[in-house]
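Residue numbers (our numbering), protein chains in the order written: chain A, 1 to 336; chain B, 337 to 603.
All clues stand as given, with none of them false.
Straight-line Cα separation of at most 27 Å, DSS-like style, residue types lysine-lysine; simulated pairs:
1. 429/B x 153/A
2. 99/A x 592/B
3. 429/B x 99/A
4. 339/B x 87/A
5. 121/A x 339/B
6. 518/B x 592/B
7. 87/A x 592/B
8. 429/B x 87/A
9. 36/A x 592/B
10. 429/B x 76/A
11. 76/A x 99/A
12. 429/B x 193/A
13. 226/A x 50/A
14. 339/B x 132/A
15. 76/A x 49/A
16. 518/B x 429/B
17. 193/A x 226/A
18. 87/A x 76/A
19. 50/A x 207/A
20. 246/A x 318/A
21. 541/B x 518/B
22. 247/A x 318/A
23. 49/A x 226/A
24. 233/A x 429/B
25. 592/B x 15/A
26. 207/A x 193/A
27. 339/B x 99/A
28. 592/B x 76/A
29. 429/B x 15/A
30. 121/A x 429/B
Calculated directly from the structure, the hints in this document are not laboratory data.
Treat the numbers as computed from the prediction; the structure is a model and nothing was measured.
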Amino acid sequence: MENSIVLKNITKEFKVLNRHEGLKGSIRDLFSRDYKTVTAVDNVSLEIKKGEIVGYLGPNGAGKSTTIKIMTGILKPTSGEIMVNGKTPWEDRTSNCEKIGVVFGQRSQLWWSLPLVESFKLLKDIYMIEDKNYNDMLDFYASIVDLEPLLHKPVRQMSLGQRTLSDILASFLHSPEVVFLDEPTIGLDVAMKSNIRDLIAAINEQKNTTVILTTHDMGDVDALCKRIVIIDKGKMLYDNDMEHLKKVFGSYRTLSLRIRSSQMTDDFITSLEERFSPYGISISTENNWVSLVINEDRIKVMDVLSGVQENGSIKDMKLEEISTEEVIKRIYTEGI
Amino acid sequence: MSKMRKYLALTRAGIIEELGFRLATIVMIFGNIIYLTVIYFLWRSIFASSPTPVVNGMTFESTLIYLVLATAIFNFMEMYTVWEMGRNVQSGKIVLDLVRPMEYRSYLFWSYTGPTIMQFLTTFIPTFIIVECVTKAIPLGINLLYFIISIILAVMINYSIDFMVGTICLYSESIWGINIMKQVIVLLFSGATIPLAFFPEGLAKVASVLPFKAVYDGPLSILLMNSPEICDVLPILELQAFWAVMLYLLSVGFWKISLRQITVNGG
Chain A
1 MENSIVLKNI TKEFKVLNRH EGLKGSIRDL FSRDYKTVTA VDNVSLEIKK
51 GEIVGYLGPN GAGKSTTIKI MTGILKPTSG EIMVNGKTPW EDRTSNCEKI
101 GVVFGQRSQL WWSLPLVESF KLLKDIYMIE DKNYNDMLDF YASIVDLEPL
151 LHKPVRQMSL GQRTLSDILA SFLHSPEVVF LDEPTIGLDV AMKSNIRDLI
201 AAINEQKNTT VILTTHDMGD VDALCKRIVI IDKGKMLYDN DMEHLKKVFG
251 SYRTLSLRIR SSQMTDDFIT SLEERFSPYG ISISTENNWV SLVINEDRIK
301 VMDVLSGVQE NGSIKDMKLE EISTEEVIKR IYTEGI
Chain B
337 MSKMRKYLAL TRAGIIEELG FRLATIVMIF GNIIYLTVIY FLWRSIFASS
387 PTPVVNGMTF ESTLIYLVLA TAIFNFMEMY TVWEMGRNVQ SGKIVLDLVR
437 PMEYRSYLFW SYTGPTIMQF LTTFIPTFII VECVTKAIPL GINLLYFIIS
487 IILAVMINYS IDFMVGTICL YSESIWGINI MKQVIVLLFS GATIPLAFFP
537 EGLAKVASVL PFKAVYDGPL SILLMNSPEI CDVLPILELQ AFWAVMLYLL
587 SVGFWKISLR QITVNGG
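Start from the sequences and build out the full structure, keeping to the hints where you can.
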């Protein structure tokens with residue numbers, strides 16, 4: 001299958017003014033030439049095939065947005081090669097923009113005071129969409145979401161969920177080759193999140209659109225992405241299938257135990273931490289529950305269980321496969 | 337032609353959007369009435385203190401007509417481009433405008449044409465009709481046609497100036513000061529607050545070499561001409577065309593350089 005996006009050793013450096021504190025410092029900054037270089041994206045290489053949905057993950061400030069801005073042609077990389085749909089985006093910004101769609105979860109690209117249908121008509125003219133394609137697309141949308149009540153509502157009167165939904169529809173309207181979704185489900189309720197995920201999956205399947213999804217919601221990743229790319233501090237940490245990730249962390253289990261409330265003391269937790277940290281177990285607590293992420297290659301669940309029981313009485317227990325969230329957290333903090 | 341369509345679509349959307357804000361239009365008309373009342377009394381006292389009814393070649397009536405029309409032009413000319421650009425840069429919304437498949441400058445310009453046309457129809461035309469009915473001082477003839485050409489050039493010049501000032505917002509995070517400074521300079525040197533005829537010689541010279549004159553004084557002079565010959569209006573239109581082209585090139589160039597700066601050094 002052809003590649004939709006290719007990044008080769010992309011690096012992006014920013015020059016940032018060294019700011020000084022206080023009034024005096026601020027005045028000095030006015031004349032200061034004292035810049036430091038910050039590497040936002042550090043030697044990232046990536047190939048994304050047409051029709052893939054890739055989860056692009058990383059903690060805040062990892063360089064995700066910068067990479068996306070490079071892929072949309074807004075930023076020019078300091079070094080490295082980039083091709084989107086066979087073109088270099090920063091050289092051919094306008095023509096690149098015809099073939100991509102963008103959704104930033106916290107902002108709307110729609111015309112605030114216009115009814116949605118007017119925004120759509122405007123996009124139709126801006127992207128020069130043929131009448132037939134436009135009508136087909138609206139029919140297709142109507143078949144997957146309840147479009148009619150949205151169409152005649154001004155965007156400013158919409159709920160956040162409706163607005164996000166509309167924004168996503170707008171970004172796919174001109175049948176782009178690639179769509180960048182930046183935290184599309186941020187701030188939405190559970191039902192709306194699931195609607196949005198279904199919508200993205202349906203359009204991707206129907207139109208074979210490549211989707212780059214950045215999110216902090218592992219539910220999005222589980223529902224949509226077969227492949228994930230993780231970056232942190234500008235460096236790529238992981239790029240592989242979800243399956244592979246699960247396999248690597250396959251020997252991990254999360255053991256949750258409910259402890260008698262009188263025994264849930266800081267001393268108790270400290271004693272657990274002292275005892276199990278040599279085995280790489282991470283411990284977190286919530287109400288009367290203690291969660292232990294256990295690597296079974298290093299210590300058996302049964303041993304942990306009896307170890308806990310020596311100091312406290314267990315009222316209830318749960319044993320779970322490691323969640324994607326936990327996996328990502330581990331990669332962020334420890335690497336793979 | 338199809339290329340034109342995407343720009344006209346922006347004009348159309350702007351008109352529809354503008355129609356949604358009826359209250360804002362009413363408030364603005366009301367604000368103008370207050371402003372014009374102040375102007376009326378101010379200039380009446382200026383003329384009352386003068387020994388002759390004609391000051392600097394202008395009568396009280398012609399001064400007032402000039403200023404009323406200047407205010408009306410200001411209303412549709414001022415599109416708060418600088419605010420908008422500054423706000424978009426600060427909030428990062430500009431990213432969404434930059435991923436549109438057209439140049440940002442054209443995108444913004446055509447987005448403004450809708451409101452401009454609406455303001456022209458709802459504030460300039462009524463003002464014009466009222467002034468005409470009350471004073472019968474505006475000649476109705478070929479000058480109107482020249483005026484239309486002149487006002488379109490003025491809109492283009494004004495937009496280029498605004499766009500250039502707005503571009504500064506890419507560097508500076510303070511929009512407010514820049515915008516106020518721009519407004520004061522443009523309104524003063526264009527003759528919108530005080531007719532250029534009243535300027536002392538030195539200041540008049542400065543004003544004559546600056547482009548701002550072409551924004552208000554140019555179209556207004558043409559409008560108040562009685563059945564002008566083409567040779568009467570040509571110098572004004574030529575000057576306007578010169579500035580329109582110059583400032584267009586300058587603003588495009590400045591934007592390109594600035595955008596490169598931003599895309600290279602981040603923002």
